[in-house]
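Listed here are the chains, written in short residue letters.
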Amino acid sequence: MPQMGVSVAEGTITAWRKRPGDWVERDEVIVEISTDKVETEVPSPAAGRVAELVVEEGATVDVGTLLATIDTGSKPGQPHADESDPPPPAEEAEANGNGKAPPVSPVVRRIADEHSVELSAVSGTGRRGRVTKKDLLAFLEQGAAKPAERPLHIESPYKEEPAPQPATPAEAAPTGEGERLSVMRRQIGEHMVRSLHEAAHCTTIVEADMTAIEAARGRLSYLPLVARATIAALREHPRLNATLEGDRLTVHDEVHLGIAVSLGEEGLIVPVVRNAHELSHEGLGARIKDLAARARSKQLSPDEVGGATFTITNPGRYGALLATPIINQPQVAILDLEAVVKRPVVVTDGQGGDSIAIRPMTYFCMSWDHRALDGVGAAEFLGSVKRHVEGWSD
Amino acid sequence: MATTTARPAALDPHQHLAHEARLTVDDRRELMRYMLLMRATEERALNLYRQGKVPGSFYDGRGQEAVSVGSAFALSPRDRACILHRDLGAHLLRGVRPGLVLAQMMGRAGGLTGGRDGNMHFGDKDLGCVGMVSMLPDMALVACGLGLAFQMRKEPRVAMTWFGDGSTANGQWHEAMNVAGVRKLPVVFVLENNQYAYSTPNSREFVVDPIERAAAYGFHGVKVNGNDVEAVLRASAEACERARQGGGPTLIEAETMRMHGHGAHDDMSYVPPEMLEEWSQRDPIETYEARLRDAGRVDLDALREEVKAELDSETDWALAQEMPDPSTATGGVFATEDPVMGDGKAPWSRWAQEASNA
Amino acid sequence: MPEITYLEAISDGLREEMRRDESVFCMGEDIGEFGGAFKVTDGFFEEFGADRVWDTPLAENAIVGAAVGAAVEGLRPVCEMQFADFIACGFDQLVNVAGKMYYRQGLAVPMVVRLPSGGGFSGGPFHSQNPEAWFLQSPGLKVVAPSTAEDAKGLLASAIRDPNPVLYLEHKNLYRRVKGDVPEGRYETPMGELRVAREGTDLTVVSYGAMVHTALEATEDIDGASIEVLDLRTLCPLDRDGILESVRKTSKVVVLHEATRSCGVGAEVSSLIAEEAFEDLDGPVVRVTAPDVPIPFSPPLERAVLPQVDDVRKACHDLLAY
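Chains as they are written, first to last, in our numbering: chain R, 1 to 394; chain C, 395 to 752; chain L, 753 to 1074.
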C-alpha cells in the first residue's frame, strides 16, 4: 500500500485491474485504491506476471502492507495456471504427409489397421497432437462399450421436456465470457462428435436431373418424391438400410425413414416415418408434414424419434449446393438433399447426338460409414436413387 | 633357497639307464614308432596342404619329434596333457589316430573339433588331453589348474604342458611358473627351445637362459638334448615322479631345432643355412635309428613299413570324412553337462607292470 | 525368514555350496585369512582350510587360467577378482580359453568369476567399472547381475552349478545398502529369467544391478503413471521373452544401466525390441546410462556421470509425454 500523502496511514483496495497470471507492464495501472484523501490508480512498479493478490478488494490495510507479488522473471505470453493448453489445430491432424504432422507410431498404426480406424477421427494427447496408444485404445473402448440397445431404438438428440427448466444458478450466472450451450445443443453436439469418432465418414455425391420430379410434384415439396425414390433404391441395396453397432451390422427389412427437421436456432430433430416402405409418395408427404409440425410444437412422442434405419436431411431450400452430413448413429448412411438449380447440361438424344439443355439439377450428397460399406456400394446405391429420380413416373 | 639346475651328461648310446626310467626293447620300439608316426603324419598332412585340402595354416614339429614323444611317454593313463602345435607325438602317444588328426586339419566333421578349430588346436578330452589356444602359453596356466585339482584331491597325478622359447617372454608364462612354484603344483613344464619364435631368434627374445628361471621361481630345472628321445624321457620321468610325490613342478628345457618354417607359409629364410645343416646331422629319428640298429633288437624296416601302411589307411579314412553341416555352426556354445575327461593310453611298459602289480 | 544384507547373502550362498559340495573352492587375492577385500569370504579360511580358500598371487590370468584347468578336471572353482575392473588382467584366459573351450573341444568349464562391480563411492576409473558388455560380446560366457539379497544368494548357487563359465557381477554399492528377506538353506534362482520388480502398464524400465533400486525410486510417482520395472538378473542368456512381453504391454521402454553407453546392454535390448517388437512401440526406446567416460573420482564429477534418480525420472516423464 503506497504512501499517498504524508498524513495517510491506510488505504482501501477498490478494484484490482489485474488478476493472478496476468502480465503487467511497468507503470501500467495494476490496482485502484482509495484513501480518505483521494482515489487513485496505482501503476505497477515492475513488468512481470502477477503471481498473487495478497489483499482482496474492499479490504483496508496500513500503508506499507504487501498488496501483491509480481514474478519479474517470467515472460509474456505464457498461459495462466488455470488455462489449459489449446487443443491442437485440426489442420495438424489432417495434414498427413506434409512433414509437419506428428508421426504415427508403429503400435498405433498396427492397432488402427487391425480395427480399421481412421486415425483422423481420433483425438491425440501425445506430443504435437500425436495419437498415442492410450488414445487409440480409449477410442476403441468407447465403440465397444456402447450400452447394449434393442436394435430398433436408438438415442436421439431429443429429450422430452416436461416443463420449461428453471435457469440453474450455473446457467444464470455466466462466467463472463459467452453463454453456455442449451441442453439440446449439447446433446446434438455430443451425438455428432460421437458419430464422427465412431464412424469412418466418407461422402459420395451424385448429380441428378430433377426434370421428371419437377414435372410430377406439383405444389408438393420434392422431398416426398425423392424419399420414395430413395426407399426404392434401399430395397435394391439393402446394405444401406442397416445399423452398425461395434462390429455388428444389422440389415433391416423394413425402412424406417428418419427425416431431419429444423427447429430453427434451437437445433434439429429427426422424427421417424415408420415402415416408410409401405407408403406412396403422397403418404410419405402427409406423414412428413405431420411429423414436422408436431416436432416444431414439441408434440412428438419418444417412439417417434427412435429406430430409424436411414435418414434424409433436406436443407436445400436455403440454396446450398453440396454438403457433407454427419451420419445419424447407429445407421450406416445419411442422404442430404441440397438446392435444385437450373443449369446448362449436356443431353444426348436417342441417335447419340449431344446438345445443351437447361435442366433443374441437384446433388445428392450421401455420407456413409466406411466400416460397413465401400465406395462402390455407396456409388451404386446413389446411382439407383438417381435412376429412380430421373425416371420418375407416377 | 635356489635349487641348482642340472646339466645333461654326455650322451652314451650304450649306457644303461642310471635312472628309474627302465626301458624294454618294446619300449624302445614304441619310442621309435611314435616318432616315425609323428613324422609320417606330418609329412602326409603337408602333402595334403600342398594339394589344397587343408584350409588355413599348417604347422608341424619336424625335427622336434623326440621332445613330445620322449616327454609324453612318461605319462601314466590318469595324467593330463596340454599339448601344443609342435607336439603331435604326444597326441599320438595318448591314443589319437593319425586319421583323426588329418581330418581335423582338413576341417572335416569327423575331425577332433568337428571343424570348429583348425590345425593343431585340438585335444581329445576322452584321452585326457586339453586342446590348445593360439595365445601362448595360456595352456601353462591351465596345466597349473589341472595340477591344482590333483593336489587338492591328493592324487598322484601329473599335468604336463609344452611351450616354446618365445613363450618365456610372456606374462602368463611367468604367472604360471610363479603359481606352480608357490603351491608346488604337480606340473611338468616342457620348454621346447627350438631356437626361433617364428622369425625371432632367442637372442632377441630373452637375455636370461630360460632354464635359469626355474630356480628363480623356486623349483627344479633341467636342460636336456631335445633330440635324444631317451634323454627327454629320463628327464620327464624324473619330473613326473617328483610331482607325484609332492616335490612340486619341474621345468625341462629340451634343446632342439625347428627344421621347418613357423608354418608351411614360412620359407624360414631368416635361419642361417649352416645352422639347419648342423641340426640336420642331429635328426632325432635318424640318430635314434642308428642307436637301435647298433643294438640290433628292433626290426626298423618292418617298423617303417608298418607306419607307412598305417598312414595310408588313415589318410584314406580322413579323406572320406565329410565337411561339417553349416547349420551346426551356431550350436554347442554352452554346455549342458559337467565335463568328463577320460584317461589316455600309456604305452610305457612300466604302467602295465604297475597295473599288474596293483 | 531372516533379513540380511546383499553381502551376507553372497557369503551365505557361497558357504552353502562349499559345505554341500567338496569340489567347490575359492581362489582370489586376499580371500584367505584376511577374508577378502569386501569380507565376502570372512570365516571361510577357518571353516574350509587353505586348500579350498586359496590366497592366490597377484595374477589374474593365473587365477582364471588355473580355474579352467581345475574345472575341466571336475572341480568347481569360484574365482574372485578383487575389483571387476581387474578382469581386464585376466581377459585372455576368460575369453579365449574358458569361453571357447566347450565350442571347440566339447569340454565344459564349470567355473564362476565373481566381479565386485560398479561405482558411487569415489572409487575412480579403476575401481568403479561395470564391464559386462565386454563379455556379452564373447561367446561361451554367461553373465548374471543380481540386485536383491535374495537373488544374490540364489544366483550364485545357480552359477556354481552351471557347467559353463559364469561371470557374477556383484554391485559393491549394494553390499550393505540393500537388505532383504533371504530364505535359509540352499536354493537356486534360475538363470535366464528376469524378475518384475514392479508391475505397470504405461511404461517399462528395463534395468539390472544397482540401477534397479534407482529405477524403483525414480518411478514411484511420475504424474501418477503406472510404471513397470524389470530386473533382468541375467544378462547372458537374456530373457528376451520376458522383455518383449513387457514391451507389448506398455509400448514404451527406458533401458537403464550404470555401465557406459556404447554397445552396452541398453544397445542390445533396444535393438532386440526394434527387431522383435517394432509394431508394439508407441515411442522410441530410450537409454539412460553413464556416458562413454572413465568413471571420475571427485564426487560432483562422479555424480554427473553415474545415472541419478532425476535422470531416470526425466527420461520416463519425457517418454510418457511422447
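Quick caveat, the hints were computed from the structure, so don't treat them as lab data.
Treat the hints loosely; a few may be bogus.
Derived pair list, reagent style EDC-like, types lysine to aspartate or glutamate, alpha-carbon separation capped at 20 angstroms [unchecked claim]:
no.	chain 1	residue 1	chain 2	residue 2
1	C	Lys578	L	Glu997
2	L	Lys1001	R	Glu114
3	C	Lys702	C	Glu549
4	L	Lys1001	R	Asp113
5	R	Lys134	L	Asp975
6	R	Lys134	L	Glu774
7	C	Lys578	C	Asp520
8	R	Lys18	R	Glu177
9	C	Lys578	L	Glu902
10	L	Lys1001	R	Glu141
11	L	Lys791	L	Asp807
12	R	Lys18	R	Glu57
13	C	Lys548	L	Asp773
14	R	Lys75	R	Asp22
15	R	Lys134	L	Glu781
16	C	Lys447	C	Asp719
17	R	Lys342	R	Glu141
18	R	Lys298	R	Glu278
19	R	Lys342	R	Glu177
20	C	Lys548	L	Asp975
21	C	Lys578	L	Asp975
22	L	Lys791	L	Glu781
23	R	Lys75	R	Glu56
24	C	Lys548	L	Asp973
25	R	Lys134	L	Asp807
26	C	Lys548	L	Asp803
27	L	Lys791	L	Asp973
28	C	Lys739	C	Glu437
29	C	Lys739	C	Glu704
30	R	Lys134	L	Asp803
31	R	Lys134	L	Asp973
32	C	Lys702	C	Asp520
33	R	Lys386	R	Glu236
34	L	Lys1001	R	Asp135
35	R	Lys75	R	Asp27
36	C	Lys447	C	Glu635
Report task. Could you grab the alpha-carbon distance between Lys134 of chain R and Asp973 of chain L and see if it respects the 20 angstroms cut-off? Result -> holds (19 angstroms)
Query raised in the report: Between Lys75 of chain R and Asp22 of chain R, does the CA-CA distance stay at or below 20 angstroms?
Result: holds (11 angstroms)
Query raised in the report: Is the Cα-Cα distance between Lys134 of chain R and Asp975 of chain L 20 angstroms or less?
Result: holds (15 angstroms)
Query raised in the report: Under the criterion that the straight-line Cα-Cα distance not exceed 20 angstroms, is the pair Lys548 of chain C, Asp803 of chain L satisfied?
Result: Holds. Lys548 of chain C to Asp803 of chain L sits at ~11 angstroms (cutoff 20 angstroms).
**Report entry** 20 angstroms Cα cutoff - pair Lys791 of chain L, Glu781 of chain L
**Finding:** At roughly 12 angstroms apart (the allowed maximum being 20 angstroms), Glu781 of chain L and Lys791 of chain L satisfy the hint.
Report task. Starting from Lys578 of chain C, check that the Cα of Glu997 of chain L is at most 20 angstroms away, please. Result -> Violated - the C-alpha atoms of Glu997 of chain L and Lys578 of chain C are around 54 angstroms apart, more than 20 angstroms.
Query raised in the report: Going straight from one Cα to the other, do Lys548 of chain C and Asp975 of chain L come out at no more than 20 angstroms?
Result: It is violated: about 65 angstroms lies between the C-alpha atoms, which goes past 20 angstroms.
Query - 20 angstroms Cα cutoff - pair Lys1001 of chain L, Glu141 of chain R - result: holds (17 angstroms)
Query raised in the report: Would the pair Lys18 of chain R and Glu57 of chain R pass a check requiring their Cα atoms to be no farther apart than 20 angstroms?
Result: Measuring from Cα to Cα gives roughly 12 angstroms; hence the hint holds.
**Report entry** Straight-line alpha-carbon gap Lys134 of chain R to Glu781 of chain L, limit 20 angstroms
**Finding:** violated (55 angstroms)
Query raised in the report: Taking 20 angstroms as the top limit, are the C-alpha atoms of Lys298 of chain R and Glu278 of chain R close enough?
Result: This hinted pair is violated, its Cα atoms lying about 26 angstroms apart.
Query raised in the report: Does Lys1001 of chain L pair with Asp135 of chain R here, judged by a C-alpha cut-off of 20 angstroms?
Result: Holds, because 15 angstroms separates the two Cα atoms, which is no more than 20 angstroms.
Checked against the numbered hints above, the structure violates hints 1, 3, 6, 7, 9, 15, 17, 18, 19, 20, 21, 23, 24, 25, 27, 28, 30, 32, 36; every other hint is satisfied.
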